[in-house]
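A.B. asks: Hey, can you work out the whole structure from these sequences and the hints?
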Amino acid sequence: MFSTTVLAQVVVNGIGLSATYILVALGFTLLFGIMRVVNFAHGAFAMLGGYALYYVYGSFGVPYIIAAPLAALLVATVALVLERLVYRFFYQKMFQSMIGLLGLDMAIMFTAVMVWDSHERSIPPTVSDILQIGGVIVPADKLIISGVAGAALLAFYLFTKFSRYGLAMRAAAQDMEIAEAQGVNTVMIYRLAFFIAIFMAALAGGFYGQTYALSPMMGERPLMMAFIVVILGGMGSIPGAALGGILLGFADSFLATFYGGSVSVFLSFGVVILLLIFRPWGLMGTPES
Amino acid sequence: MKQALVSIAAAASLGISLLTAAAPARAQEELKIGVIAALSGGGTGWGLGLQRGVQLAIDDANAKGGLKVGGKTYKLRQVAYDDQYNAAQAKTAAERLVNEEKVKFIFGPVGSPGALGSLPVTQPAKVLQFVDGYAPAILKNEWNGGYVFRIGNSNQEFAEPIVKWIKQTMPNTRKVGMIAPNDAVGQAAVPILVNAYKRQGYDVWIEYYERGSKEFTPLLVRMMAQNVDLFELNSNAPGEAGLLVKQARQVGFKGPMIQSGGAGVDEIIEIAGPLAEGFLKYDVIDAGLPRVKLFLDAYSKKYTGILNGLSPVYYNAAHVVLEAIRRADSLDTTKVRNELEKMGGWDAPVFGKVIWTGKEIYGNDHQLFHAFLIKEVKGGKGVIKTVVQSQ
Chain Y
0 MFSTTVLAQV
10 VVNGIGLSAT
20 YILVALGFTL
30 LFGIMRVVNF
40 AHGAFAMLGG
50 YALYYVYGSF
60 GVPYIIAAPL
70 AALLVATVAL
80 VLERLVYRFF
90 YQKMFQSMIG
100 LLGLDMAIMF
110 TAVMVWDSHE
120 RSIPPTVSDI
130 LQIGGVIVPA
140 DKLIISGVAG
150 AALLAFYLFT
160 KFSRYGLAMR
170 AAAQDMEIAE
180 AQGVNTVMIY
190 RLAFFIAIFM
200 AALAGGFYGQ
210 TYALSPMMGE
220 RPLMMAFIVV
230 ILGGMGSIPG
240 AALGGILLGF
250 ADSFLATFYG
260 GSVSVFLSFG
270 VVILLLIFRP
280 WGLMGTPES
Chain S
0 MKQALVSIAA
10 AASLGISLLT
20 AAAPARAQEE
30 LKIGVIAALS
40 GGGTGWGLGL
50 QRGVQLAIDD
60 ANAKGGLKVG
70 GKTYKLRQVA
80 YDDQYNAAQA
90 KTAAERLVNE
100 EKVKFIFGPV
110 GSPGALGSLP
120 VTQPAKVLQF
130 VDGYAPAILK
140 NEWNGGYVFR
150 IGNSNQEFAE
160 PIVKWIKQTM
170 PNTRKVGMIA
180 PNDAVGQAAV
190 PILVNAYKRQ
200 GYDVWIEYYE
210 RGSKEFTPLL
220 VRMMAQNVDL
230 FELNSNAPGE
240 AGLLVKQARQ
250 VGFKGPMIQS
260 GGAGVDEIIE
270 IAGPLAEGFL
280 KYDVIDAGLP
290 RVKLFLDAYS
300 KKYTGILNGL
310 SPVYYNAAHV
320 VLEAIRRADS
330 LDTTKVRNEL
340 EKMGGWDAPV
350 FGKVIWTGKE
360 IYGNDHQLFH
370 AFLIKEVKGG
380 KGVIKTVVQS
390 Q
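Chains Y and S supply the protein sequences, listed in that same order.
Just so you know, we're using numbering that gives the first Met the number 0 here: the first sequence kicks off at 0 and counts up by one.
Just so you know, we're using numbering that gives the first Met the number 0 here: the second sequence kicks off at 0 and counts up by one.
Hints listed in this document are in silico derivations from the structure and should not be mistaken for laboratory results.
Even for Gly, the Cβ is constructed at its ideal location relative to N, Cα and C.
Distance condition first, Cα-Cα at most 16 Å in a straight line; then the derived EDC-like pairs of lysine to aspartate or glutamate:
| hint | chain 1 | residue 1 | chain 2 | residue 2 |
| --- | --- | --- | --- | --- |
| 1 | S | K301 | Y | D116 |
| 2 | S | K63 | S | E322 |
| 3 | S | K74 | S | E322 |
| 4 | S | K213 | Y | E219 |
| 5 | S | K67 | S | D331 |
| 6 | S | K253 | Y | D128 |
| 7 | S | K101 | S | E29 |
| 8 | S | K67 | S | E322 |
| 9 | S | K301 | S | D58 |
Residues of chain Y clear of chain S, computed beta-carbon distances all greater than 12 Å:
| hint | residue |
| --- | --- |
| 10 | R83 |
| 11 | L84 |
| 12 | F88 |
| 13 | G99 |
| 14 | Q173 |
| 15 | Q181 |
Derived coverage of chain S by chain Y (criterion: at least 3 residues anywhere in the stretch with Cβ under 8 Å from a Cβ of chain Y; other residues may be distant):
| hint | segment |
| --- | --- |
| 16 | 202–209 |
| 17 | 217–223 |
| 18 | 272–284 |
C.D. replies: Structural data, given as structure tokens:
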């Protein structure tokens with residue numbers, strides 16, 4: 000069972016899983032980090048990203064390299080209406096946002112049921128090649144997701160660390176009033192962070208819908224994974240989301256392969272519970288003052 | 000002003016009299032037909048299939064002027080609740096249908112978890128329930144299956160013949176791998192299939208997962224490390240079965256794959272795409288038969304999208320039940336049940352002659368039996384590989 004080929008396959012699967020988890024969790028952690036909003040409607044935006052890709056790429060035949068970001072852009076743009084109508088009332092209100100946005104999640108989800116019905120459908124694959132490197136099998140679609148997740152992570156990091164807007168975002172996250180006093184337009188910064196977060200969720204949803212299946216309920220699983228990854232890594236921490244995604248992805252792959260699905264779920268959630276007891280701010284988060 | 004008030008009063012009284020005059024046209028009474036179906040989550044394909052199959056039978060009856068019972072004519076109306084393929088939700092749905100909607104006939108839920116969850120509500124209330132789940136306890140229970148019928152083959156009926164067919168057509172297979180949901184299906188129905196394989200000398204490896212999972216590659220790698228020759232998809236819902244087929248090929252499983260359970264292959268092709276090629280699947284209808292074609296035409300006239308295999312199963316069952324109500328000439332569920340039990344030989348619209356069976360296994364003849372098919376995915380379509388008769 001513990002042969003080199005199986006171990007190599009576990010690593011490959013772990014990378015694929017981690018990439019998906021990171022991609023889904025990035026937007027979630029950004030919204031919390033900047034605005035203290037627990038976006039329980041994150042999965043719904045991922046689902047909308049999936050449907051947007053279904054039409055832009057699957058129905059209208061736009062080349063994939065354009066279709067994937069365009070679909071995410073469409074969702075993020077339309078979501079700005081919800082930012083004005085809903086999200087703005089929940090900024091810096093962590094607990095209220097949980098319940099309010101859970102309601103929004105359901106409203107979007109069941110609107111989608113009425114529009115598309117709850118039937119599962121698929122987005123045409125961009126690549127269906129299966130690469131074989133040595134004895135290890137690498138599905139090309141997972142390779143693309145890994146590449147996009149890596150690029151998104153890097154872009155995210157560079158943007159928040161080195162750009163003017165990124166600096167403004169970090170300032171607003173630390174202390175909104177002082178940031179405003181220094182001339183930071185927090186309304187604009189919040190809107191920008193929201194736009195980026197929803198763009199990421201929709202992009203991840205496109206990949207998720209293409210890799211698995213598309214349905215109005217498909218956002219539930221990504222939302223749960225994003226929440227676990229972010230809790231693990233530390234709410235609001237981007238490196239934490241990366242670390243949490245990698246840990247969960249590899250743990251899933253290793254434990255499920257060698258000890259089965261039930262052990263994997265039991266241990267993964269067990270570790271999260273222990274972490275919440277002994278280090279509630281997560282692996283790379285900062286404790287609330 | 001006074002004149003205006005008089006005009007309004009006159010108009011109002013005219014309106015009331017018009018409404019009253021229109022009332023006799025709506026004298027037909029309404030009979031609610033309950034449906035519990037998975038309308039969200041991994042079992043959605045099945046749930047929609049159930050709901051649509053029942054609706055088409057209701058449409059047939061309403062198109063003929065309604066259902067005549069005890070001197071009254073009833074217009075049928077479907078009342079559906081979502082159980083999310085979950086026992087607890089199914090129980091809640093059954094409670095609402097029985098206690099609030101006051102229905103006497105319920106179709107569904109899909110699968111064993113919901114059926115087992117809802118029986119404690121429907122059976123004491125003597126509400127007739129028609130289900131498809133494979134768990135033996137659905138018919139063999141503390142109520143002796145009193146007011147429940149299984150309206151399609153369970154794997155008790157088809158597992159053995161399928162395994163024998165596999166043994167004949169794939170003599171080199173020795174070890175079977177299964178990845179099954181960790182719920183009532185996985186724990187109660189899958190062992191019947193496992194035993195059927197073991198009785199034919201197969202070595203069976205089985206692993207469970209939590210319902211709702213999407214990523215199966217680690218479990219598939221685990222399965223492949225056991226040197227499995229044949230991947231059996233057992234009772235997985237269409238959404239999960241499609242992903243299992245797709246991901247099995249993506250991690251390099253090259254052996255044959257079969258699903259002995261669940262009807263309908265199109266949803267699996269939709270999800271797995273070209274990777275579904277060669278996949279074998281239990282199914283219930285031969286689209287080439289004229290009686291089946293009639294149903295398919297009615298389906299495509301009303302609905303778009305993929306036809307789930309449970310649609311014809313529930314369409315067939317709903318017609319059998321409506322005929323039993325007509326024969327009983329009553330909505331009393333005990334009388335209808337007694338008529339149902341006597342309906343052997345009646346020519347049902349999809350499966351033909353009704354055959355009730357199950358006494359030896361379940362202690363009652365509330366199991367409908369019908370012949371079935373094994374289809375193979377060829378060129379992106381499910382084509383009939385063989386027609387299998389039960390023992």
